Amino acid sequence: MDLINAVIVLLNYTIIPALTYGSQLALGAIFVTLIYGILRFANFATGDMMSFGTMFAVLLTYYFQSIGINFGFLPTALLTIPFAIFMMILYMLIIDQTVFKYYRIKKSPPVMLAMVSVGVMFVTQAIIRIIIGPTDRRFLDGEKFILKATEFKEMTGLAEGLTIKSTQMITIVVTIIVVAIMFWFLNKTKTGTSMRAYSDNEDLALLSGIDPKKVVLITWIIAGILATIGGILYGLDKSYRPFVYFNNMLPIFAAAIVGGIGNPYGAFFGGYVIAFAEIFLTYAYKRFLVYILPESLEPNSLMQLLSTDYKFAISFSILVIVLIFRPSGIFEGKRI
Amino acid sequence: MRNYLNIIIAYSIMLLLIILVGIFQSWSIALTIFNYCMISAVMTLGANIQWGYAGLINFGIMGYTALGGLAVVLVSVAPVPEAWSVGGVNMMTCLGIIILMIFSTTYILKNIQKSNKRNYLVAGIIIVGLILIKIIAGPAIEQIEAVDPAKTGFLGGLGLPVLSSWIVGGLFAAGLAFIVGKVALGLRADYLAIATLLIAEIVVSIIKHEDWLARGVKNVIGLKRPAPYEIDLQTSPWFINLVEKFHSAKLDLANSLSERQDILNQLVIDASSVYVKLCFAGMFLVVVIILLIITQKALYSPWGRMMRAIRDNEEAASAMGKNVVKQHLFIFILGSAIVGIAGAMMVTNDGLFTPGSYRPMRYTFVIWVMVIVGGTGNNFGAILGGFVVWFLWVEAAPIALFFINLFTAHLPETNEIKIHLINSAPYFRFLLVGIGLLLIMRFRPQGIIPEKIIKQ
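Chains B and E are the protein sequences, given in the same order.
Its first residue numbered 1, the first sequence is counted upward by one per residue in the numbering used here.
Its first residue numbered 1001, the second sequence is counted upward by one per residue in the numbering used here.
It should be emphasised that the hints constitute simulated quantities derived from the structure, not laboratory data.
The structure displayed is predicted, hence computed values, not measured ones.
The C-beta atom is built at its ideal place from N, Cα and C for all residues, glycine as well.
Just to be clear, a hint being listed does not mean it is correct.
[Stated by the list, open to error] Coverage of chain B stretches by chain E, computed from C-beta distances (three or more under 8 Å per stretch; other residues unrestricted):
(1) 99–110
(2) 127–141
(3) 247–258
(4) 316–330
[Unchecked claim] Derived BS3-like pairs: lysine-lysine, alpha-carbon spacing no greater than 27 Å straight-line:
(5) B:148 - B:165
(6) B:238 - E:1182
(7) B:311 - B:106
(8) B:311 - E:1452
(9) B:188 - B:238
(10) B:311 - B:153
(11) B:214 - B:188
(12) E:1151 - B:286
(13) E:1110 - E:1297
(14) B:190 - B:286
(15) B:213 - B:144
(16) E:1134 - B:107
(17) B:238 - B:107
(18) B:311 - E:1218
(19) B:238 - E:1134
(20) E:1134 - B:286
(21) B:311 - E:1322
(22) B:311 - E:1208
(23) B:106 - E:1418
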């Protein structure tokens, strides 16, 4: 019985939150990696682009709520996804045409493009703040919990409760669907294959008649879908705040590089590596250990490896370690 | 002379703008902007050494700035004897353990062949060291933080003059740069950017959350100042006499003696704040000029030519027998040290250390915009960039407000869009700086004052 309790504690406080957070990071990381693999630059506007898509979801959610449309027990925000994605892709394409295209055609070094993306970051941040303001916004409605701790305790008679928030379930399910479709697209369709070819060897791909314009267009479309969904899921689970989204860029970068930048599978995996590391290293294991250790060995401290203040620092440290020992990432990077 | 014409024109326009702010807003605001411009200029000089001379991309400026600020606290604040007596020994032991760890690791790395055994040894030392530190430091930190937490709760500093902390700030930053450089300089340019960005984030989070060191997010206020205090000035007779002489024409217009006294009091209060800022401006100007002379000399010395050669063609420079790795590390340390000095200057100017305010947007990306806009590889350009971008950053809100009012003049005061726009005026600074950066990158990628190579 104690063992089951211990497992429930771990599930409730570490594994489920880590899976959720990992999924959100993974979507962002695949976005970074796609841009890096195909357009060949580190996009510093990542967090703000995600924020841009989410902003429309927030605004539309408020609008839908005001005219009385809802999605039953699911959050209204899910209904707004297609519109938000549309706006996101539109914005990305405008930015690409006005800003990035020039440097792509000139074949500028990647650093130049990264610097340009810093400019895009500033502009995007300004637009977001001018439209929606910098404040914290919650836009979650519908059922909050799938399973409440008290219900679970009654059901099973265990001492520990298991809580599953609906946002956690939605995040994991939506991520799996989106990522599955994306991998199917990249591996099985002709367009996907041509994107992979373009990423592997640009000159050879051009020789074999792949249209670079189409590849770039499709890349931005996929990127827009990933960025918007990733952003909305994060916003539903926590809350929407432009500054936080900007900061999320950092663990997302960490996830993409840890997995091997340019490699979508790596990025997907990297998201979970970062999330699990952050949560496992900052979780106070006292409650868990109380169940599995005999009474004489019961710990009197919190048994926390690092304080939660260092959550971000952990993911960055992992990144630094990976960069030193295996600069191409856990999976071989730079392939798609 | 003609070579310098564009520089002189650009600097004159910049000074004129600041003087205009003085005339239309107030001299106090103008001097605040001027001081911050100069701090930004020092940061930009540092970043320009790394990016312009050597082509190293350092997105960790925030970290070095924060370390420079930390130096001010650790050097100038008076020590807290109670905290030292409860936890000083333990903390010093920890410092000893860290030094021991570093030395033993380097010894192992140098003397044992690359093998699994070496890896296990290094890992073992680190893990044992960390556990020891956790055990020794844990209770000490709790005790230190419990010493009068509202006012101190930290070890305090050395109580030395605050100006010496500028040098210490540079040294701190140089130390960090040495570690970062050893770890990350081998990476490709964009990886280096991301790695430095994240390392800076780690540094700031440590400063933020280790309360025993510098109170963390509780901030340290009332730092020493190398300039006189306003209150002292307002009561000292020589200063009042000076103000009286300076404004004698205005004072003579007063009708009665009491009215004259009121005007004089107001003038003294205004003048004291301007005087303090002028003192700071003088000190900062000295730093900027010294750094400018040194960097200019360095740029046109054989060393500067070598750095440019390394930047433009690493392989060729390496084939000519230049040690690229060593030079990269050296210049990375040099540039970071200058940024550290700027960080210390900034905290001294503010008189308070607020770790919570270090954010990558303000302390990394804006500085980078300054470098790019001013002119990479040109020190005059870098300083100009610091001035122009900081000026825009501060004055963007008033400018935006002016234009919003102009364009929405026909709308009624209660119009929602108008109110919304007016409320979001502060955010136009991001728009202005972003668009400025994009335009410069597109149409004048070498910056306002481009790099100039003197043929010898």
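So, going through the hints one by one against the coordinates:
Coverage of the stretch 99–110 of chain B by chain E holds in this model, with 4 residues showing a Cβ closer than 8 Å to a Cβ of that chain against a need of three. As drawn, the stretch 127–141 of chain B meets chain E at 5 residues by the rule of a beta-carbon pair under 8 Å; at three or more, the given contact holds. By the rule of at least three residues with a Cβ nearer than 8 Å to a Cβ of chain E, the coverage given for the stretch 247–258 of chain B holds, with 4 such residues. Evaluation of the coverage hint for the stretch 316–330 of chain B: fulfilled, as 7 residues show C-beta separations to chain E shorter than 8 Å, against a requirement of three.
This hinted pair checks out: residue 148 of chain B and residue 165 of chain B have alpha carbons roughly 8 Å apart, not beyond 27 Å. Between residue 238 of chain B and residue 1182 of chain E the CA atoms are separated by roughly 38 Å; this puts the pair beyond 27 Å, and the hint is violated. This hinted pair does not check out: residue 311 of chain B and residue 106 of chain B have alpha carbons roughly 40 Å apart, beyond 27 Å. Between residue 311 of chain B and residue 1452 of chain E, the direct Cα distance comes to roughly 46 Å. Violation of the 27 Å bound is thereby established for this hinted pair.
Taking the CA atoms of residue 188 of chain B and residue 238 of chain B, the gap is near 35 Å; set against the 27 Å cutoff, the hint is violated. For a cut-off of 27 Å, the pair hint linking residue 311 of chain B to residue 153 of chain B is broken: about 30 Å separates their Cα positions. For the hint linking residue 214 of chain B to residue 188 of chain B, the alpha-carbon distance of about 17 Å falls within 27 Å, and the restraint holds. Pair hint residue 1151 of chain E plus residue 286 of chain B does not hold up; C-alpha atoms about 33 Å apart against a cutoff of 27 Å.
With a CA separation close to 37 Å, the supplied pair residue 1110 of chain E and residue 1297 of chain E exceeds the 27 Å bound. Proposed proximity of residue 190 of chain B and residue 286 of chain B is contradicted: the alpha carbons are some 53 Å apart, above 27 Å. Under the criterion of a C-alpha separation no larger than 27 Å, the hint pairing residue 213 of chain B with residue 144 of chain B is inconsistent with the structure, at around 43 Å. As the CA atoms of residue 1134 of chain E and residue 107 of chain B are separated by approximately 51 Å, the hinted pair breaks the 27 Å bound.
Simply put, residue 238 of chain B and residue 107 of chain B have alpha-carbon atoms about 40 Å apart, too far for the 27 Å limit, and the pair is violated. For the proposed pair residue 311 of chain B and residue 1218 of chain E, the alpha carbon gap of about 20 Å is at most 27 Å, so the pair holds. At roughly 32 Å between alpha-carbon atoms, residue 238 of chain B and residue 1134 of chain E are farther apart than 27 Å, so this suggested pair is violated. Under the criterion of a C-alpha separation no larger than 27 Å, the hint pairing residue 1134 of chain E with residue 286 of chain B is consistent with the structure, at around 17 Å.
Proposed proximity of residue 311 of chain B and residue 1322 of chain E is contradicted: the alpha carbons are some 42 Å apart, above 27 Å. For the proposed pair residue 311 of chain B and residue 1208 of chain E, the alpha carbon gap of about 13 Å is at most 27 Å, so the pair holds. For the given pair, residue 106 of chain B sits about 41 Å from residue 1418 of chain E by alpha-carbon distance, which is inconsistent with the 27 Å threshold.
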